[in-house]
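Start from the sequences and build out the full structure, keeping to the hints where you can.
In the UniProt record's numbering, the protein residues as written are 1 to 202.
Mixed in with the good hints, there may be bad ones.
To be verified - Only pairs whose alpha carbons sit at most 30 Å apart, straight line, appear in this in silico DSS-like list of lysine-lysine: (1) K177 to K145; (2) K134 to K162; (3) K172 to K58; (4) K177 to K124; (5) K162 to K120; (6) K172 to K120; (7) K134 to K120; (8) K152 to K120; (9) K134 to K172; (10) K172 to K152; (11) K78 to K120; (12) K124 to K145; (13) K124 to K172; (14) K74 to K177; (15) K125 to K145; (16) K58 to K77; (17) K152 to K124; (18) K78 to K152; (19) K124 to K134; (20) K177 to K77; (21) K125 to K58.
Said to hold, decoys possible - Simulated restraints, written as ranges between beta carbons of each label pair: (22) L49 to P156: 38 to 46 Å; (23) V81 to N173: 33 to 41 Å; (24) S180 to T155: 22 to 30 Å; (25) E185 to Q146: 18 to 26 Å.
Hints are computed from structural coordinates only; laboratory data are not their basis. If you're wondering where the values come from, they're calculated on a predicted model, not measured in any experiment. A virtual CB, placed ideally from N, CA and C, is assigned to each residue, including glycine.
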Amino acid sequence: MARYTGPKIKLSRKFGAALTPKADKYLAKRNYRPGMHGQNPQRISEFGLQLREKQKAKAIYGIMERQFRRYYEKASKKVGVTGDALLQMLETRLDNVVYRLGFAQTRPQARQLVNHGFFKVNGKKVNIPSLALKVGDEISIAENKQNSQYLKILTPVLVNAKVVEWLSLDTKNFSGKVLSNPSREQMENLINTQLIVEHYSR
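Here it is, written out as structure tokens:
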């Protein structure tokens, strides 16, 4: 599947949201669009605002259009607020949970680790980043990866990891658990899901 492989800083400036930890300091200095006209006021239509918000969500979670639309279609069939259901499905993807637990510094890194078989879910090895996790699911680092150089570097970092309320982290056993489905207040606040719903409802 094709993915954006260009500079994340440039994309972060385009959307005004840090897609990597490194992007934070760049946005602090240059909180405007990239390019020679980046500091000029930009007129954006209602459709443009909706489209940009969808593109931002896709960039944050590293998802392409076809898969993102499937998430929206599933969310629209659920009871409750469609935007919240959409965000909940994105947050409970395996790669995002790995990132939220602190096992990876970025979502792209989390996706790569999952692809390389670093993790088990409920004791079974998985390599599908988009795997949807449920309440009670346990994520752990595979035994054959626990002596890897990456884990030696990660161990001191995990001690200071701040985990979101709907997850728990066991640093001694290199594992985490989904305690509950994330509420709207506990999820990504950089995305205006109402604009995304309006975009797909046109």
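Right, here's what the structure says about each hint:
no.: 1; hint: K177 to K145; in the structure: holds (19 Å)
no.: 2; hint: K134 to K162; in the structure: holds (21 Å)
no.: 3; hint: K172 to K58; in the structure: violated (34 Å)
no.: 4; hint: K177 to K124; in the structure: holds (14 Å)
no.: 5; hint: K162 to K120; in the structure: holds (21 Å)
no.: 6; hint: K172 to K120; in the structure: holds (16 Å)
no.: 7; hint: K134 to K120; in the structure: holds (14 Å)
no.: 8; hint: K152 to K120; in the structure: holds (19 Å)
no.: 9; hint: K134 to K172; in the structure: holds (23 Å)
no.: 10; hint: K172 to K152; in the structure: holds (13 Å)
no.: 11; hint: K78 to K120; in the structure: holds (28 Å)
no.: 12; hint: K124 to K145; in the structure: holds (14 Å)
no.: 13; hint: K124 to K172; in the structure: holds (20 Å)
no.: 14; hint: K74 to K177; in the structure: holds (24 Å)
no.: 15; hint: K125 to K145; in the structure: holds (11 Å)
no.: 16; hint: K58 to K77; in the structure: holds (20 Å)
no.: 17; hint: K152 to K124; in the structure: holds (23 Å)
no.: 18; hint: K78 to K152; in the structure: violated (42 Å)
no.: 19; hint: K124 to K134; in the structure: holds (15 Å)
no.: 20; hint: K177 to K77; in the structure: holds (27 Å)
no.: 21; hint: K125 to K58; in the structure: holds (27 Å)
no.: 22; hint: L49 to P156: 38 to 46 Å; in the structure: holds (43 Å)
no.: 23; hint: V81 to N173: 33 to 41 Å; in the structure: holds (36 Å)
no.: 24; hint: S180 to T155: 22 to 30 Å; in the structure: holds (27 Å)
no.: 25; hint: E185 to Q146: 18 to 26 Å; in the structure: violated (35 Å)
The structure shown violates the earlier hints numbered 3, 18 and 25.
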